[in-house]
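Undergrad: Residues per chain, in single letters:
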Amino acid sequence: MALKSKTYIRRAEREDLDKIVEWMEEPDFLRFLYGDPTRSPRQIREHIVSMLGRSSAQTVPGSLYLLIDSEEWGPVGLLSLQNISWRNRSCSADLYIGKKEFRNHMVAAVSFYRAVDYCFNELNLHRITAYIYAFNEPSWRIMEKSGAKRELTFRDHVARDGQLYDVYGYGLLRSDYEAFCQKHPHLIAGLMSSMVDAQRVASAETAS
Amino acid sequence: MIRGKYSAIRSAEADDAAVLKTFYDPSRPRSCLLDMRRELLLPSLDELREVLGQKEQGKPIFYAVENLTGEVRGFCSMRGQSLESTYGEFVVVLDDADLDTPLAVEVFQFLANQAFVRMRFNKILTHCLDSEQEYRAYLLRHGFKSDGVQRDVTFMLGRWHNLEAFSLFAADAVIEDLE
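Chains as they are written, first to last, in this note's numbering: chain A, 611 to 818; chain B, 859 to 1037.
Keep in mind the hints are simulated off the structure, nothing from the lab.
The C-beta atom is built at its ideal place from N, Cα and C for all residues, glycine as well.
Please note that the accuracy of each hint is not assured.
[What the hints assert, rightly or not] Quick look at which bits of chain A chain B covers, simulated, 3 or more residues with Cβ under 8 Å:
no., stretch
1, 694-707
2, 730-742
3, 751-762
4, 767-777
[Said to hold, decoys possible] So these bits of chain A aren't anywhere near chain B, every CB distance computed over 12 Å:
no., residue
5, GLU632
6, GLU636
7, TYR675
8, LEU677
9, SER680
10, GLU681
11, TRP683
12, PRO685
13, GLU711
14, PHE712
15, MET716
16, PHE745
17, TYR780
18, LEU782
19, LEU783
20, ASP786
Make the full structure from the sequences, and use the hints.
TA: Structure below.
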């Protein structure tokens, strides 16, 4: 079965601000990703505005924020590629699925594979790093299925609800991903280009 | 200034910039001098003067490590502290030849005291490039345990380098008072 879904990834726009703020204020966002509960909604908004304001025309951006969108359900999640190093051809990736009903769904996996495909086949990166909390098993399972290796285990590393939890560090090299693609060609066949603007494609098809 | 039997450790000042700059050597990359993206920094003397002049929450960015004759042999720091999760990053910048000396033992004791006694951290972390074998041995001698190896993290000197992470928990640390 090819990994097809109705989602696509695109650059986040200013109009997406309210949706992203809404996600970033969710307890799950704080728990699974950037857990700083002391930040006020205003600080969150300012942070997002600054990240959306980064110029896409910049030749070598240090970070990219992409929205996982769909015609059917609207924005589904947020994908950030940070600490992009053009010298080391590497980045760190974070994925947040805002729609809870999709978290254990194929949508999360497809979105991640689209991001990986974009990193290796469009940005020409060599390595993707992801730090995932041990209690976030659905996320690290997706990483492992993509061929990523669990390279680090930081014991008692992050505090949540008054307890310390382990954090796993995953590394996905281009060679790991190529091996995964060779092993599962039928899964990858449906991915196509990662930055497909479905609306534009649909318009072009209508026009033709 | 904290005086040990073999060293004196004090807040680094802008005047120490020239010595610090010698450690930013592209032919001998050090994990602790890589940035967030794991790229090697090559700061100018002016930039280093500015950095050393800064204080973080009233504390210096680096401590200078002097030998008994007053010569600055290197630097150390406890940086990137996560107060919520109670850990900090252990940074020691010394020549390889100094890492297996009593001076380096005192540098470890100074930072371990800072982390585990004064700040009551649960653990300290550090990193080591695959080319830093003397630093790796130094960490193991002081009880650090490997958390794993990140592959092909940085490209320098014509090849990819792996980066190993180490941690030392308070319960496993042997801490002696320097003074």
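Undergrad: It remains to establish, for every hint, whether it holds in the given structure.
TA: We went through each hint and held it up to the structure:
1. Taking a C-beta to C-beta cut-off of 8 Å, the stretch 694-707 of chain A contributes 6 residues in contact with chain B, enough for the three needed, and the coverage statement holds.
2. Figure legend: the stretch 730-742 of chain A, annotated as covered by chain B; annotation consistent (3 residues with Cβ-Cβ distances under 8 Å, at least 3 required).
3. Coverage of the stretch 751-762 of chain A by chain B holds [criterion: at least 3 residues with CB-CB distance below 8 Å; count 4].
4. With 4 residues having a Cβ less than 8 Å from any Cβ of chain B, the stretch 767-777 of chain A passes the three-residue criterion, so the hint holds.
5. Annotated as non-interface, GLU632 of chain A keeps its C-beta farther than 12 Å from every C-beta of chain B; the closest such distance is 25 Å.
6. Separation of GLU636 of chain A from chain B is adequate, the least Cβ-Cβ distance of about 19 Å exceeding the 12 Å criterion.
7. Consistency note on TYR675 of chain A: stated as away from chain B, and its beta-carbon is indeed over 12 Å from all of that chain's, at 17 Å minimum.
8. The Cβ of LEU677 of chain A sits about 24 Å from the closest Cβ of chain B, beyond the 12 Å cut-off, so the non-interface label holds.
9. With a least beta-carbon separation of about 32 Å from chain B, SER680 of chain A lies farther than 12 Å from that chain, consistent with its non-interface assignment.
10. At roughly 35 Å from the closest C-beta of chain B, the C-beta of GLU681 of chain A stays outside 12 Å, upholding its exclusion from the interface.
11. Once the 12 Å rule is applied to beta carbons, TRP683 of chain A is consistent with being away from chain B; the minimum gap is 34 Å.
12. No beta-carbon of chain B is positioned within 12 Å of the beta-carbon of PRO685 of chain A; the least distance is around 28 Å.
13. Look at GLU711 of chain A: its CB is around 31 Å from the nearest CB on chain B, clear of 12 Å, so calling it non-interface holds up.
14. Once the 12 Å rule is applied to beta carbons, PHE712 of chain A is consistent with being away from chain B; the minimum gap is 30 Å.
15. No Cβ of chain B comes within 12 Å of the Cβ of MET716 of chain A; the nearest lies about 28 Å off, and the non-interface call holds.
16. Every beta carbon of chain B lies more than 12 Å from that of PHE745 of chain A, the smallest distance being close to 14 Å; the non-interface claim holds.
17. Look at TYR780 of chain A: its CB is around 9 Å from the nearest CB on chain B, not clear of 12 Å, so calling it non-interface is violated.
18. Not every CB of chain B lies more than 12 Å from the CB of LEU782 of chain A, the least distance being 10 Å, so the non-interface label is violated.
19. The beta carbon of LEU783 of chain A sits about 6 Å from the closest Cβ of chain B, which is not more than 12 Å, so the claim that it is off the interface is violated.
20. Not every beta carbon of chain B lies more than 12 Å from that of ASP786 of chain A, the smallest distance being close to 9 Å; the non-interface claim is violated.
In this structure, the earlier hints numbered 17, 18, 19, 20 are contradicted, and the remaining ones agree with it.
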